[in-house]
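Dock chains R and X against the given chain F, drawing on the hints supplied.
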Amino acid sequence: MERLTVAAIAELVGGTVRGDSEREITGVASLDRASPGELSFIARARYLSYLHDTRAGAVLVTGEWVKDLPETSAGIVVKDPQSAMQQVLTCFYKPAPATPGIHPTAIVPASVKVGDGVSIAPYVVLGEDAEIGDRVVIGSHSVIGSRCTIGNDVVIHPHVTVYDEVILGDRVILHSGVRVGKEGFGYVWKDGGHRKVPQVGGCVIESDVEIGGNSSIDRGSVGDTVVKAGAKIDSLVHLGHNVQLGRHSITVAQVGVAGSTVVGDGVVLGGQAGLGGHLQIGAGARVGGQAGVTGDIAPGVTVSGYPARPHREALRAQAAFFRLPEFIRRLKRLESAIFGESAED
Amino acid sequence: MERLTVAAIAELVGGTVRGDSEREITGVASLDRASPGELSFIARARYLSYLHDTRAGAVLVTGEWVKDLPETSAGIVVKDPQSAMQQVLTCFYKPAPATPGIHPTAIVPASVKVGDGVSIAPYVVLGEDAEIGDRVVIGSHSVIGSRCTIGNDVVIHPHVTVYDEVILGDRVILHSGVRVGKEGFGYVWKDGGHRKVPQVGGCVIESDVEIGGNSSIDRGSVGDTVVKAGAKIDSLVHLGHNVQLGRHSITVAQVGVAGSTVVGDGVVLGGQAGLGGHLQIGAGARVGGQAGVTGDIAPGVTVSGYPARPHREALRAQAAFFRLPEFIRRLKRLESAIFGESAED
Amino acid sequence: MERLTVAAIAELVGGTVRGDSEREITGVASLDRASPGELSFIARARYLSYLHDTRAGAVLVTGEWVKDLPETSAGIVVKDPQSAMQQVLTCFYKPAPATPGIHPTAIVPASVKVGDGVSIAPYVVLGEDAEIGDRVVIGSHSVIGSRCTIGNDVVIHPHVTVYDEVILGDRVILHSGVRVGKEGFGYVWKDGGHRKVPQVGGCVIESDVEIGGNSSIDRGSVGDTVVKAGAKIDSLVHLGHNVQLGRHSITVAQVGVAGSTVVGDGVVLGGQAGLGGHLQIGAGARVGGQAGVTGDIAPGVTVSGYPARPHREALRAQAAFFRLPEFIRRLKRLESAIFGESAED
Numbered sequence: 001m002e003r004l005t006v007a008a009i010a011e012l013v014g015g016t017v018r019g020d021s022e023r024e025i026t027g028v029a030s031l032d033r034a035s036p037g038e039l040s041f042i043a044r045a046r047y048l049s050y051l052h053d054t055r056a057g058a059v060l061v062t063g064e065w066v067k068d069l070p071e072t073s074a075g076i077v078v079k080d081p082q083s084a085m086q087q088v089l090t091c092f093y094k095p096a097p098a099t100p101g102i103h104p105t106a107i108v109p110a111s112v113k114v115g116d117g118v119s120i121a122p123y124v125v126l127g128e129d130a131e132i133g134d135r136v137v138i139g140s141h142s143v144i145g146s147r148c149t150i151g152n153d154v155v156i157h158p159h160v161t162v163y164d165e166v167i168l169g170d171r172v173i174l175h176s177g178v179r180v181g182k183e184g185f186g187y188v189w190k191d192g193g194h195r196k197v198p199q200v201g202g203c204v205i206e207s208d209v210e211i212g213g214n215s216s217i218d219r220g221s222v223g224d225t226v227v228k229a230g231a232k233i234d235s236l237v238h239l240g241h242n243v244q245l246g247r248h249s250i251t252v253a254q255v256g257v258a259g260s261t262v263v264g265d266g267v268v269l270g271g272q273a274g275l276g277g278h279l280q281i282g283a284g285a286r287v288g289g290q291a292g293v294t295g296d297i298a299p300g301v302t303v304s305g306y307p308a309r310p311h312r313e314a315l316r317a318q319a320a321f322f323r324l325p326e327f328i329r330r331l332k333r334l335e336s337a338i339f340g341e342s343a344e345d
Numbered sequence: 001m002e003r004l005t006v007a008a009i010a011e012l013v014g015g016t017v018r019g020d021s022e023r024e025i026t027g028v029a030s031l032d033r034a035s036p037g038e039l040s041f042i043a044r045a046r047y048l049s050y051l052h053d054t055r056a057g058a059v060l061v062t063g064e065w066v067k068d069l070p071e072t073s074a075g076i077v078v079k080d081p082q083s084a085m086q087q088v089l090t091c092f093y094k095p096a097p098a099t100p101g102i103h104p105t106a107i108v109p110a111s112v113k114v115g116d117g118v119s120i121a122p123y124v125v126l127g128e129d130a131e132i133g134d135r136v137v138i139g140s141h142s143v144i145g146s147r148c149t150i151g152n153d154v155v156i157h158p159h160v161t162v163y164d165e166v167i168l169g170d171r172v173i174l175h176s177g178v179r180v181g182k183e184g185f186g187y188v189w190k191d192g193g194h195r196k197v198p199q200v201g202g203c204v205i206e207s208d209v210e211i212g213g214n215s216s217i218d219r220g221s222v223g224d225t226v227v228k229a230g231a232k233i234d235s236l237v238h239l240g241h242n243v244q245l246g247r248h249s250i251t252v253a254q255v256g257v258a259g260s261t262v263v264g265d266g267v268v269l270g271g272q273a274g275l276g277g278h279l280q281i282g283a284g285a286r287v288g289g290q291a292g293v294t295g296d297i298a299p300g301v302t303v304s305g306y307p308a309r310p311h312r313e314a315l316r317a318q319a320a321f322f323r324l325p326e327f328i329r330r331l332k333r334l335e336s337a338i339f340g341e342s343a344e345d
Numbered sequence: 001m002e003r004l005t006v007a008a009i010a011e012l013v014g015g016t017v018r019g020d021s022e023r024e025i026t027g028v029a030s031l032d033r034a035s036p037g038e039l040s041f042i043a044r045a046r047y048l049s050y051l052h053d054t055r056a057g058a059v060l061v062t063g064e065w066v067k068d069l070p071e072t073s074a075g076i077v078v079k080d081p082q083s084a085m086q087q088v089l090t091c092f093y094k095p096a097p098a099t100p101g102i103h104p105t106a107i108v109p110a111s112v113k114v115g116d117g118v119s120i121a122p123y124v125v126l127g128e129d130a131e132i133g134d135r136v137v138i139g140s141h142s143v144i145g146s147r148c149t150i151g152n153d154v155v156i157h158p159h160v161t162v163y164d165e166v167i168l169g170d171r172v173i174l175h176s177g178v179r180v181g182k183e184g185f186g187y188v189w190k191d192g193g194h195r196k197v198p199q200v201g202g203c204v205i206e207s208d209v210e211i212g213g214n215s216s217i218d219r220g221s222v223g224d225t226v227v228k229a230g231a232k233i234d235s236l237v238h239l240g241h242n243v244q245l246g247r248h249s250i251t252v253a254q255v256g257v258a259g260s261t262v263v264g265d266g267v268v269l270g271g272q273a274g275l276g277g278h279l280q281i282g283a284g285a286r287v288g289g290q291a292g293v294t295g296d297i298a299p300g301v302t303v304s305g306y307p308a309r310p311h312r313e314a315l316r317a318q319a320a321f322f323r324l325p326e327f328i329r330r331l332k333r334l335e336s337a338i339f340g341e342s343a344e345d
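Residue numbers (the numbering used here), protein chains in the order written: chain F, 1 to 345; chain R, 1 to 345; chain X, 1 to 345.
Simulated from the structure, these hints should not be mistaken for lab results. Check before you lean on any hint, since a few could be wrong.
[Stated by the list, open to error] Part of the chain R face toward chain F, derived, beta carbon under 10 angstroms: (1) 27; (2) 40; (3) 65; (4) 85; (5) 100; (6) 103; (7) 123; (8) 208; (9) 305; (10) 322; (11) 331.
Note that CB positions come from ideal geometry on N, CA and C, so glycine has one too.
Isolated chain F (complex conformation) (with noise of 0.2 angstroms):
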């Protein structure tokens, strides 16, 4: 990160300054190590401890906080203190270019076409007729398949799997250990043994898509598996074969989705949730964290729990679960007014 006055900060985020406009910025860290130097940010009351005792030189803070500022630090107040930090990041952080060039003891075959400026690490092994975009980056020892085709500034990490005639759109980012385009798990039961039913179909990571680490994906059956633009998935989930993604969705991390669902635009699935096959969930619906869905879900819809359920409904539920040792008492007293005392326990 250059070096920035605090005035600078507040005019790249829209914000106002309380305190020192003057101040220099070197760097980034949160409220309880930043030191003098240092940006700050608060976006939580639970973190509200921090900031009385922040030693950042300067803090992003909404309006409603500013007056919880140390006198030491100086504030840029903002309406979103988070999101304005993204963009002082985005801004001031630029990831090092990787270095174009194709390390010796990559493996690329005369049949592979590779783009201008691209930059193949020590030990990849690209397959046949591979083709390959513009800007993009591939880690050391990743897999790319036959026939595959990958769009521009693409950035695949170490230790990737991608396997044959599977399809990467622009920007597509795959983290360390990410598999793209397996085999699904399909089997028919015949002569006393379960038989692997050929998965033909195909796999598409269209543009802006990132994948977290360890995660894996199947290709299709028949037909394809699609995760599509702008979806984006943490760490070690799993899609089966011919899945659907929507555009936008949002896959936090070790969810499963079963085979031939199809997930709407702008979902949102928590954490551990796990999806059954053949479903359809409906565009801007979001599922909980560890919620098990075995139904369709309409758009829009809040679901939560096991079974999955529209949230108010679970949230009720889940309220009365944790008193029923007390209905099951008051239901006692009934019977011992009505029956004498109850014979049942």
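Frame of chain F; chains R and X shown alone:
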């Protein structure tokens, strides 16, 4: 896939043709994407709307739904369209055989015994005294430990780790990112810290087992972890030390099985189910998705929920659960009638 | 394992011998597989039937069960047979030390500082300015980022990714497929898409931490993710950005911890448990398997269920839950008695 007539496909799957039996088919696709030269199938009522609009040249269909087929599609009437499609795929999509040979970058110690027709990809690393059967395929970067024994016709995808002394039977398939035979999770508290218990057992993966991407299987602590013949394991599954998985069992994605649990033959473990340690799961039992198994399960029993209970009991309790707010209202009405205004909430 | 008499083993573990103390033992095995030259142990009543039939030459056993031992086995009577077996294993199964040396295919930039007695396997890739302590072992294909600091006696198994600037203490163990320091999952919605928040924090894995296969640990967004000394993490675990795991904490397989949650010292997180973001889990708390934690937990408290509640409360509610159909029947009986035939179902 080679060029085939509708009649030839019908003969293969034992079906009867409705419509143009001489039409030529050159591939397969899902109902909504198939072109007039392609074969599709329908296995579930929820896809009937796709059937009405399909452009597929031919469709595998039951007698019940053949009337829903558009005039432009030939029907091949069978009892089980999904199974029929599997037959077609198995016959006509032969995976391209790997070219035998050992890539010059693979590290193969002189002490390794390599069978006939083996294919070893770039950057594979084999340990001392490993034994590799005939026609084994090992994908790029996979690491095989010392003294491993690998049967015939095994397929190991890229980026797999097989730890020392693991035994793989014939026709085992390990997908990308699988870890087999890693040390299990065992400690004893001593002198102010968790002390690692050496994990000196083995790990045996019997014939015809398939293990999905990024799954992790621990070796035994004392004694072996064993996955028995024909068991199929999906992606991101964890098996602890000394687990036994039965013959022809099915373990869906993201299941976790804690140490020393014995899973019987033919058991089905639904996605994200969790099984505690030292349990006995009887042959033919079925565990629902996300179920939390905390006790033994008798053979043939289906369980679900947390803690897992027989499925019917779990369903009845769940049904009542979501009506709890109503029952509480009725309880209060009774209290008012008997005791006057209820003092309780 | 070297050759040892039963008497020598008894002396090591502080036990007393029943039977032939001069018998020689050359290995260990589970009760059902041990041969007359091997030592076994029994730690749970459910394995008593194996004890009756064991062919083990000697068995570590409590005073209570020594009478169940067959005549052919010597007994070594101890208080805690499992702990005693751990002592035996620790003494007699020394893992073969890795041969020091850097394989010629490893990529080690001139700027890397490498300690004494280091073993670097084939195809390892080290980044610029990394510092590697003494006696460190790095397995095949592992990738260590630029400016990482790795302590002494660290063991990194094959196929591990350590991202740039990660700090590993002494004696850290990373199993195959671990990803440490990857960018976390953070976006802000802007201009019609999720915009990535740069993840500029660090990742610190303190001394004596062990991390299981295919686990994924994000670096901080602003500030660090920290796994404190002596914490043990099992396989397929996910830790989000800025998570802190306490000293000597235990995190069982497939747990997920969302961003910024602080887990205290000595906490135990059961398998597949999920913890929401920005929570405080007090020291010594215990979280049951599959529990869904949505709020803070006080020190020392045991919780379970979804949403997680104190374990006793959760158990009482669960017990009532499965009796719900019965209680509803009793409610209807009361309604019939008071109101005549119930109009409601």
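Tell me, in ascending order, the numbers of any earlier hints that this structure violates.
3, 5
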